[in-house]
Amino acid sequence: MKALKFLLQKEFRQIFRNPAILRMIFIMPIIQLMVIPMAADYEVKNVNIAVADHDHSVSSQQLIQKIAASRYFRLINYSNSYQQAIKYIESDKADIVLEIPLHFERDIVKENYSKLFLSVNAVNGMKGNLGAAYLQNIIHDYNDILRLKWIQLPKISAQPFIETVVINRFNTLLNYKIFMAPGVMVTLLTLVGSFLTALNIVKEKEVGTIEQINVTPIRKYHFILGKLIPFWILGLIVLSVSLLIIRIVYNVHPAGNIFNLYLFAAIYLLAVLGLGLLISTYADTQQQAMLISFFLLMIFIMLGGLFTPIDSMPYWVQKITWWLNPVSYFIEVVRMVVLKGSGLADIKNHILIILGFAIFFNSWAIINYRKTS
Amino acid sequence: MPSVVVKNITKKYTQSKKEQPIIALQNISFEVEKGEIFGIVGPDGAGKTSLFRILTTLLIAEQGSATVDGYDVVKDYKSIRQRVGYMPGKFSLYQDLSVEENLNFFATIFHTTVEKNYDLIKDIYSQIEPFKKRRAGKLSGGMKQKLALSCALIHRPSVLFLDEPTTGVDAVSRKEFWEMLKRLKQEGITILVSTPYMDEASLCDRVALIQNGKIMAIDKPNSINQNFGKKLWAVRANNMFGVLKTLKSWQEVFSCYSFGENYHVVMKDDDNANAMAIHDYLFKCGYREIEIQLIDANIEDSFMALMHTENEK
Chain A
6 MKALKFLLQK EFRQIFRNPA ILRMIFIMPI IQLMVIPMAA DYEVKNVNIA VADHDHSVSS
66 QQLIQKIAAS RYFRLINYSN SYQQAIKYIE SDKADIVLEI PLHFERDIVK ENYSKLFLSV
126 NAVNGMKGNL GAAYLQNIIH DYNDILRLKW IQLPKISAQP FIETVVINRF NTLLNYKIFM
186 APGVMVTLLT LVGSFLTALN IVKEKEVGTI EQINVTPIRK YHFILGKLIP FWILGLIVLS
246 VSLLIIRIVY NVHPAGNIFN LYLFAAIYLL AVLGLGLLIS TYADTQQQAM LISFFLLMIF
306 IMLGGLFTPI DSMPYWVQKI TWWLNPVSYF IEVVRMVVLK GSGLADIKNH ILIILGFAIF
366 FNSWAIINYR KTS
Chain B
3 MPSVVVKNIT KKYTQSKKEQ PIIALQNISF EVEKGEIFGI VGPDGAGKTS LFRILTTLLI
63 AEQGSATVDG YDVVKDYKSI RQRVGYMPGK FSLYQDLSVE ENLNFFATIF HTTVEKNYDL
123 IKDIYSQIEP FKKRRAGKLS GGMKQKLALS CALIHRPSVL FLDEPTTGVD AVSRKEFWEM
183 LKRLKQEGIT ILVSTPYMDE ASLCDRVALI QNGKIMAIDK PNSINQNFGK KLWAVRANNM
243 FGVLKTLKSW QEVFSCYSFG ENYHVVMKDD DNANAMAIHD YLFKCGYREI EIQLIDANIE
303 DSFMALMHTE NEK
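For the protein sequence lines, the chains are A and B, in the order given.
Counting from 6, one number per residue, gives the positions in the first sequence under our numbering.
Counting from 3, one number per residue, gives the positions in the second sequence under our numbering.
One or more of the hints may lead you astray.
Taking lysine-lysine and the DSS-like style, the derived pairs with C-alpha atoms no more than 30 Å apart in a straight line are [stated by the list, open to error]:
no.	chain 1	residue 1	chain 2	residue 2
1	A	LYS225	B	LYS14
2	B	LYS146	A	LYS225
3	A	LYS10	B	LYS80
4	A	LYS208	B	LYS80
5	B	LYS124	B	LYS135
6	A	LYS225	B	LYS184
7	A	LYS208	B	LYS184
8	B	LYS247	A	LYS210
9	B	LYS184	A	LYS10
10	A	LYS210	B	LYS286
11	A	LYS50	A	LYS120
12	A	LYS225	B	LYS77
13	B	LYS135	A	LYS7
14	A	LYS225	B	LYS80
15	B	LYS80	B	LYS184
16	B	LYS14	A	LYS7
17	B	LYS92	A	LYS208
18	B	LYS232	A	LYS210
19	B	LYS135	A	LYS210
20	A	LYS210	B	LYS222
21	B	LYS146	B	LYS134
22	B	LYS92	A	LYS210
23	A	LYS10	B	LYS9
24	A	LYS208	B	LYS9
Bear in mind the hints are in silico, worked out from the structure with no lab data behind them.
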């Protein structure tokens with residue numbers, strides 16, 4: 006026990022003497038949490054639109070004004086030739102071309118029917134897709150206004166009409182920052198847990214100090230605990246710093262009990278620390294450890310449901326994620342607790358699964374870690 | 003009872019299945035008495051470090067057995083780790099901890115304190131004590147080595163393993179270091195020290211000459227030299243470079259190599275060899291200012307001779 010105390014003392018001394026680690030622990034969460042949620046936004050804004058208006062009527066003017074007034078669109082060109090407008094798509098300056106045909110207004114009034122043409126730049130699929138959808142909404146809206154103007158609706162509508170009302174539960178304003186920030190927090194915790202632990206142990210291998218330690222009577226589990234406990238504590242500190250930043254910058258107050266979050270994070274850290282330990286038993290140099298960690302983290306985060314929902318991934322990828330990816334569980338739990346206010350009973354299964362991950366990674370690592378070669 | 007017993011140790015490193023394994027140690031056996039300074043002398047790659055790693059329980063040999071202080075290196079590795087001190091060839095203390103912290107750390111993990119064994123390391127540690135607040139990484143080479151030795155001694159080991167302790171250390175520090183080892187010997191500590199420097203061999207009580215994983219000779223340094231068994235001539239002349247070529251191509255010469263300012267020469271027909279014959283031959287070949295002396299062999303000469311016979315085999 007005394008040996009463990011001394012190992013911990015030594016470990017903390019080294020950590021606090023290493024300015025790079027301290028910077029990583031405090032400055033990295035601040036920057037990542039400030040930048041990523043602001044930038045990683047699912048809402049498509051600033052869709053550039055070029056309009057080819059052959060009609061030059063009041064109606065076409067009204068429609069264009071309505072589009073330009075929306076904060077989603079930027080009118081970058083107004084002309085009377087489709088050829089000219091399409092050039093903007095070709096040179097990547099516009100995302101959508103709206104063509105208003107000749108006699109647009111006359112046809113609405115006389116024939117009760119008119120057509121518009123949209124040409125969408127699909128190179129950036131998400132922007133094109135969502136932009137077109139927004140534009141159609143606006144045109145639809147305009148259509149309704151026209152109807153009210155031209156046609157006197159009877160008291161009882163001749164056609165059945167369904168009106169939908171949407172309420173966003175748990176995130177009323179559909180604010181993506183609230184949705185992203187807790188997820189980014191998870192990646193930070195994973196980084197500290199697995200990356201730093203792996204690097205720290207491999208550094209001892211690289212410098213040769215592990216050789217010196219191995220000929221001492223220190224027990225295997227003392228050495229391992231001496232490495233894991235400091236990073237477990239650091240992980241919880243990073244969590245606290247992150248929660249504080251989320252509260253101050255995004256004004257997110259977790260709906261659920263923050264204790265549940267800490268409880269889950271404590272177990273989750275055991276799992277990622279085990280992963281770090283496991284990486285360190287296979288890597289001989291810090292460079293190798295970096296590359297392995299980077300590879301795994303990339304996969305964990307991309308498949309973890311931070312940016313794209315897991316449910317829309319192919320079935321076999323979903324299987325991989327649920328079986329092998331601890332990050333996806335934590336992302337889910339954080340969102341459940343912070344946004345929805347889920348309690349212990351709701352995250353019980355997640356806790357058990359992560360406990361399983363922790364046991365799996367740690368036992369594998371301990372079996373693979375040997376003092377003798 | 004001998005302090006260290008090595009019996010028929012063989013160690014191979016397998017690179018890949020296709021290639022032949024590299025044999026680091028080949029059927030090595032020797033014994034080291036208690037309180038002895040035992041030198042393992044050999045060039046780089048001879049297998050010195052592998053041998054030390056086996057004896058300090060860091061590596062397991064394929065064949066053979068070894069005991070340290072009566073404990074088996076495989077079965078009783080825990081007991082061995084309690085009682086040996088190991089100083090690896092590469093400086094491997096925590097560079098970001100201070101001198102004092104390193105020493106305290108190693109004392110504690112051996113369940114002891116610096117105060118308890120201070121008398122043992124006093125001579126060594128007192129030299130670096132003025133810098134005890136300095137980080138180990140910022141020490142000079144000689145000071146690092148003293149700190150490493152202090153850390154290896156802090157738990158009063160009964161056997162001390164020093165893997166090339168003087169490599170990369172200046173001449174004065176090397177001399178000091180060997181004096182420290184002599185004092186430790188008086189404390190009854192068995193010391194195994196490996197070195198690539200032949201001149202250090204004469205400072206050991208006994209040496210094992212090792213080459214390509216095989217022990218070529220084990221004896222007191224003096225006995226090894228006496229066993230040289232041939233007349234050794236030191237030769238110099240005006241055109242030194244030419245002399246080497248001439249002598250090497252001369253049929254009568256058994257071996258010839260440069261040693262300091264001279265060439266050391268052994269003749270094939272040893273019994274009838276004399277300085278005049280060599281002198282005459284060199285004179286005939288056009289060399290002047292020829293000096294030839296009969297000298298006693300030292301460890302390096304013995305090593306070269308043993309290597310020569312090994313290669314002949």
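Cross-check of the supplied hints:
1. This hinted pair checks out: LYS225/A and LYS14/B have alpha carbons roughly 26 Å apart, not beyond 30 Å.
2. Only pairs whose Cα atoms come within 30 Å are accepted, and LYS146/B paired with LYS225/A is accepted, the gap being roughly 27 Å.
3. Of the supplied pair hints, the one linking LYS10/A and LYS80/B holds, its CA atoms being roughly 21 Å apart against a limit of 30 Å.
4. For the hint linking LYS208/A to LYS80/B, the alpha-carbon distance of about 25 Å falls within 30 Å, and the restraint holds.
5. Pair hint LYS124/B plus LYS135/B holds up; C-alpha atoms about 17 Å apart against a cutoff of 30 Å.
6. At roughly 35 Å between alpha-carbon atoms, LYS225/A and LYS184/B are farther apart than 30 Å, so this suggested pair is violated.
7. Restraint check for LYS208/A and LYS184/B: not satisfied, since their Cα atoms lie roughly 35 Å apart, outside the 30 Å limit.
8. For a cut-off of 30 Å, the pair hint linking LYS247/B to LYS210/A is broken: about 48 Å separates their Cα positions.
9. For the given pair, LYS184/B sits about 36 Å from LYS10/A by alpha-carbon distance, which is inconsistent with the 30 Å threshold.
10. The suggested pairing of LYS210/A with LYS286/B is violated, with an alpha-carbon distance near 62 Å, which exceeds 30 Å.
11. The straight-line distance between the Cα atoms of LYS50/A and LYS120/A is roughly 26 Å, inside the 30 Å bound, and the hint therefore holds.
12. With a CA separation close to 17 Å, the supplied pair LYS225/A and LYS77/B stays within the 30 Å bound.
13. For the suggested pair LYS135/B and LYS7/A, the alpha carbons sit about 23 Å apart, so the restraint of at most 30 Å is met.
14. Among the hinted pairs, LYS225/A with LYS80/B is consistent with the structure: their alpha-carbon atoms are about 11 Å apart, no more than 30 Å.
15. Restraint check for LYS80/B and LYS184/B: satisfied, since their Cα atoms lie roughly 28 Å apart, inside the 30 Å limit.
16. Distance restraint check for LYS14/B and LYS7/A: the Cα-Cα separation of roughly 39 Å exceeds the 30 Å cut-off, and the hinted pair is therefore not satisfied.
17. Pair hint LYS92/B plus LYS208/A holds up; C-alpha atoms about 15 Å apart against a cutoff of 30 Å.
18. For the hint linking LYS232/B to LYS210/A, the alpha-carbon distance of about 48 Å lies beyond 30 Å, and the restraint is violated.
19. Between LYS135/B and LYS210/A the alpha-carbon distance is near 25 Å, which keeps this suggested pair within the 30 Å criterion.
20. Proximity of LYS210/A to LYS222/B is assessed by CA-CA distance (about 37 Å); at most 30 Å being required, the pair is judged violated.
21. Note on LYS146/B and LYS134/B: the hinted pairing holds, with a Cα-Cα distance of about 12 Å set against a maximum of 30 Å.
22. Taken as a hint, the LYS92/B and LYS210/A pair is honoured in the structure, with Cα atoms around 12 Å apart against an allowance of 30 Å.
23. Between LYS10/A and LYS9/B, the direct Cα distance comes to roughly 40 Å. Violation of the 30 Å bound is thereby established for this hinted pair.
24. A threshold of 30 Å between alpha carbons decides the hint, and for LYS208/A with LYS9/B the separation of about 35 Å lies outside it, so the pair is violated.
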